[in-house]
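Turn these sequences into a full structure, and let the hints guide you.
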Amino acid sequence: MREHELELIAALAEGSLEDESQARALVDSSTEHRREYEAQLLAIESLRSAGVARMSESERSRLRRDVWAGLESETARGAPGVPWYYRWAPIAAGLLVVVGVVTVLAQMGGEEAATRDLTEAAGAPSTTAADTAEAPAGGESGEPTADDGGVATPLDARSTLLYAGEAERLRESGGESTAFAAEQDDSVANELSECLADAGLTGYRAVGTIDDPASEAMTTTSAEAFLPIIAAIPEGEELPAATIAFVDRRTCELVYLDG
Amino acid sequence: MTTAAQDAELLARVVAGDHEAFNQIMRNHEDRVFSVCLRIMGQREHALDATQETFLTAFRKAGQFRGGSALGTWIYRIAVNTCYDQLRKQKRRRSEPMPEHMDPADHTAEEALEAAAMRPEIERALSRLPPDFRVVIVLSDLEGMALPDVAEVLSVPIGTVKSRIFRGRRLLAEELRNQNP
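From first to last, the protein sequence lines stand for chains A and B.
For the record, in the first sequence the residue sitting at position 254 is 257 according to my numbering, with numbers rising by one throughout.
For the record, in the second sequence the residue sitting at position 142 is 1032 according to my numbering, with numbers rising by one throughout.
If you are wondering where the hints come from, they were derived from the structure by calculation, not from laboratory data.
Just so it is clear, the structure is predicted and the values come from calculations on it, not from any experiment.
Treat each hint with caution, since some may be false.
Stretch by stretch, here's where chain A covers chain B in the computed footprint (C-beta under 8 Å, at least three residues) [what the hints assert, rightly or not]:
hint	stretch
1	923-932
2	1027-1035
3	1058-1064
If we take Cβ atoms under 7 Å as the criterion, some of the chain B residues that face chain A in the derived model are [what the hints assert, rightly or not]:
hint	residue
4	L938
5	Q942
6	F945
7	L946
8	Y974
9	L977
10	M1008
Every residue, glycine too, gets a C-beta built ideally from N, C-alpha and C.
Put into structure tokens, the structure is as follows:
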């Protein structure tokens, strides 16, 4: 059946024709045309009587509450439409100051003093990355958690920017932009799961690996030191709201926790 | 119904941090967004999740709206893409089959009356359509959107929209006939 014939038959079924004679003649011209008209008519009439899809008041209240809960965390991360590097610039500047202070202290007083000052400045002196990852949702103990967005192992400012940028990209793309979707290949998914377990990330699942940086902040040199990494989120959670953990795929060590 | 200028002003206020402006946008569009999501997703819980995610995404991307389309069209595009993403994730997780009828599990008898629903047999038939056909049927035949608007939401040519509507209706008719032999 030609496209224009189908259009004419559909318009007849919709009741949108001023002059139906040509369309009716077409429908009567063959069994195929008549069957097409009856199918179009059945679908249209059924859909017209389908009923309304409407929220209950409790659903509406819940929707607004959940949206506002999500917006509060969005607002905490930065105003809408602001590029990610605007939000991270003050933090990066602060970290650069810390690194600078450490460098000066190291030159003045020795390695031990520098290490103490750096860990004090980072505010996460004694926990390991594994300890942080195993308590992604808690915060009452006062130790660094996923909610703090912190990793115990001190990072230089550039690494922080790189990982933060990749986390932002993952949130915006819903995880679809990673080089590989873990769920599609069981053997690779198993390998990634083992690596996450080695990193102490029990209760996390891999959403993919990142091998190709999209962040403008990354140079080739820094990308080689930075990648490849596994991106993982807690089971039962979904992007973009979930905590994102980055694990070095070569060493199976947690390198960054975002959210 | 808001004008394009009013929509643009509301979004500008959202970008500036005006939460009441975002409240207004939600009030203007939440019913239609939920309707679209429910008819695409088929289950109320999934539809509510998709609706929530739609508005969060709209907030996140408010600064990127350039006014090339109506605000409603822009939001519905986000809603459709959100539903597509969630359908893909459901497929990857090999989720439980669609229930025979929509799930009223959270409703008291009173709320069940408020929460209007589609006729179950139509909901069933619609849920069995491939997503591309289901979406155009929902936007055009159920939501009453004009074909150029549907084409804009889906970023496809009008000819493609028409083709999907005609084939989608044909498939829907087959599903309905199979339910009532």
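Hint by hint, here is what the structure shows:
Check on the stretch 923-932 of chain B: 4 of its residues sit with their Cβ under 8 Å from a Cβ of chain A, so the three-residue criterion for coverage holds. For a cut-off of 8 Å, the count of residues in the stretch 1027-1035 of chain B with a CB near a CB of chain A stands at 3, and the three-residue condition holds. With 6 residues bearing a CB less than 8 Å from a CB of chain A, the stretch 1058-1064 of chain B meets the requirement of three and the coverage assertion stands. About 6 Å separates the beta-carbon of B:L938 from the nearest beta-carbon of chain A, less than 7 Å, and the hint is met.
The beta carbon of B:Q942 is positioned within 7 Å of a beta carbon in chain A (closest approach about 5 Å), and the interface hint is therefore held. Interface restraint check for B:F945: the shortest CB-CB distance to chain A comes to about 5 Å, inside 7 Å, so the restraint holds. Interface hint status for B:L946: upheld, as the beta-carbon distance to the closest one in chain A is roughly 5 Å, under 7 Å. Checking B:Y974 against chain A: minimum C-beta separation of about 10 Å lies over 7 Å; hint violated.
Look at B:L977: its Cβ only gets to about 13 Å from chain A, farther than 7 Å, so that hint breaks. Using the Cβ-Cβ criterion of 7 Å, the hint placing B:M1008 at the interface with chain A is satisfied: the shortest such distance is roughly 5 Å.
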